[in-house]
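Asks: Build the full structure now, drawing on both the sequences and the hints.
There are 2 protein chains.
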Amino acid sequence: MTDITIIGAGNMGSALAGRFSSAGNSVQVLARDAAKANAAGGTAAGTIGDAITGSIVILAVPYPALGEIFTAYADALAGKIVVDMTNPVNGETFDGLDVPADASAAAEIAAKLPSASVLKAFNTNFAATLATGDVAGTPTTVLVAGDDADAKSALTDLIASSGLRALDAGSLKRARELEALGFLQILLAAGEKTSWTSGFALAK
Amino acid sequence: MTDITIIGAGNMGSALAGRFSSAGNSVQVLARDAAKANAAGGTAAGTIGDAITGSIVILAVPYPALGEIFTAYADALAGKIVVDMTNPVNGETFDGLDVPADASAAAEIAAKLPSASVLKAFNTNFAATLATGDVAGTPTTVLVAGDDADAKSALTDLIASSGLRALDAGSLKRARELEALGFLQILLAAGEKTSWTSGFALAK
Numbered sequence: 141m142t143d144i145t146i147i148g149a150g151n152m153g154s155a156l157a158g159r160f161s162s163a164g165n166s167v168q169v170l171a172r173d174a175a176k177a178n179a180a181g182g183t184a185a186g187t188i189g190d191a192i193t194g195s196i197v198i199l200a201v202p203y204p205a206l207g208e209i210f211t212a213y214a215d216a217l218a219g220k221i222v223v224d225m226t227n228p229v230n231g232e233t234f235d236g237l238d239v240p241a242d243a244s245a246a247a248e249i250a251a252k253l254p255s256a257s258v259l260k261a262f263n264t265n266f267a268a269t270l271a272t273g274d275v276a277g278t279p280t281t282v283l284v285a286g287d288d289a290d291a292k293s294a295l296t297d298l299i300a301s302s303g304l305r306a307l308d309a310g311s312l313k314r315a316r317e318l319e320a321l322g323f324l325q326i327l328l329a330a331g332e333k334t335s336w337t338s339g340f341a342l343a344k
Numbered sequence: 141m142t143d144i145t146i147i148g149a150g151n152m153g154s155a156l157a158g159r160f161s162s163a164g165n166s167v168q169v170l171a172r173d174a175a176k177a178n179a180a181g182g183t184a185a186g187t188i189g190d191a192i193t194g195s196i197v198i199l200a201v202p203y204p205a206l207g208e209i210f211t212a213y214a215d216a217l218a219g220k221i222v223v224d225m226t227n228p229v230n231g232e233t234f235d236g237l238d239v240p241a242d243a244s245a246a247a248e249i250a251a252k253l254p255s256a257s258v259l260k261a262f263n264t265n266f267a268a269t270l271a272t273g274d275v276a277g278t279p280t281t282v283l284v285a286g287d288d289a290d291a292k293s294a295l296t297d298l299i300a301s302s303g304l305r306a307l308d309a310g311s312l313k314r315a316r317e318l319e320a321l322g323f324l325q326i327l328l329a330a331g332e333k334t335s336w337t338s339g340f341a342l343a344k
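Those protein sequence lines, which keep their order, are chains A and B. First residue of the first sequence? That's 141 in this note's numbering, and the numbers climb one at a time after it. First residue of the second sequence? That's 141 in this note's numbering, and the numbers climb one at a time after it.
The reader is advised that the hints may include incorrect statements.
Identical copies look the same in the list; a pair holds intra-copy or inter-copy alike.
In silico BS3-like pairs for lysine-lysine, Cα to Cα no more than 25 Å straight-line [said to hold, decoys possible]: (1) K333 to K344; (2) K333 to K176; (3) K333 to K313; (4) K344 to K313; (5) K220 to K252; (6) K333 to K220.
Since the hints were derived computationally from the structure, they do not count as laboratory data.
Replies: What follows is the structure in structure tokens.
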């Protein structure tokens, strides 16, 4: 059993809360709205500002909301495995990312939280595919990038034991490619060239 | 019928030559080695330096070989639809791309060939999937990026009439994301996390 905290109770946070708690883990969900946190399918719920109980903390909020999380939890995230799933798409132009071209949201988070083990994961998966475990007939594959091998193993083990396929996608530097893939997939779904319930599948 | 010139007779060039000529197009294959060009499956063959006959020119050579092509054909490519399929992976570090972080190989080619209509395509497809039309049970999808709508239509029509699925992936700026995806897919295959005969499939 793993102690997990999911911050955010939207469709991504709820999909993971349901899956991880069904697999027997302890899942605390924290959100601005206590009712949404309660409804997300974890084993415990609270609001942002409450103490974090998990050793793996999944930031399931949109990129622009990260600042609020770090204000509330900068010290509390020291020593934790912190999972970034954001796609920092520029919401005005929809034509690029709101991070420097040679960086990534994950790299920015790692710089802000030097005492945490930051991983990039889930940003290339649409929420529906995390809930169903299926991308148009292919098992949903979660790509995980990070520099801390133990942290990466802990997360990939958690994902695999919860019924999804997890793959080590390399160092945290690869978050740049994962965010490019996430951005491209969002554009293709927004353009109705793929579905919000499928997207890219990775065949074995 | 479309007149196509494919420069390069490796596995990518041969896969496309076979597919496009089977669909009834005129396909000239040019390579350094006349015997390889002859064996590639086009309708005509020659060596690099011979006159280009196609209106769509597909550069099916590795990124480091592009300089040689431009030396031979800079003027001849004016007015053509030029298709870049390179993945400019740094062959020493295997840890990044040999283009500036905010650019792409396709953008560099477009700057070098201002009188050509440069498209990015095929770089997210492994050669085997272009030959078979299949990525582990999902039809092979070719993502095409470019700024010239007519050129993009000509290429997507050619691809679709040759039995593959083609999708408009946006402006040439999206070559950056396509090259990130191509790079990631190569790393995953090299790490045996996916197969060189499959990779990423895009579900509808």
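Asks: Could you figure out if K333 and K176 sit no more than 25 Å apart (CA to CA) within one copy, between two copies, both or neither?
Replies: neither (31 Å within a copy, 37 Å between copies)
Asks: Between the shortest in-copy and the shortest cross-copy C-alpha distance, which are at most 25 Å for K220 and K252: within, between, both, or neither?
Replies: within (13 Å within a copy, 48 Å between copies)
Asks: From the Cα coordinates, with 25 Å as the cut-off, is the pair K344 and K313 best called within, between, both, or neither?
Replies: within (23 Å within a copy, 30 Å between copies)
Asks: As a check of your reading, is K333 near K313 (CA-CA no more than 25 Å) within one copy, between copies, both or neither?
Replies: Between copies only: 18 Å across, 28 Å inside.
Asks: Treating 25 Å as the Cα threshold, decide for K333 and K220: within, between, both or neither.
Replies: So K333 and K220 fail the 25 Å test inside a copy (38 Å) and across (27 Å) alike.
Asks: Up to 25 Å between alpha-carbons, please classify K333 paired with K344: within, between, both or neither.
Replies: Both: 23 Å inside a chain and 7 Å across chains, each within 25 Å.
The structure shown violates the earlier hints numbered 2 and 6.
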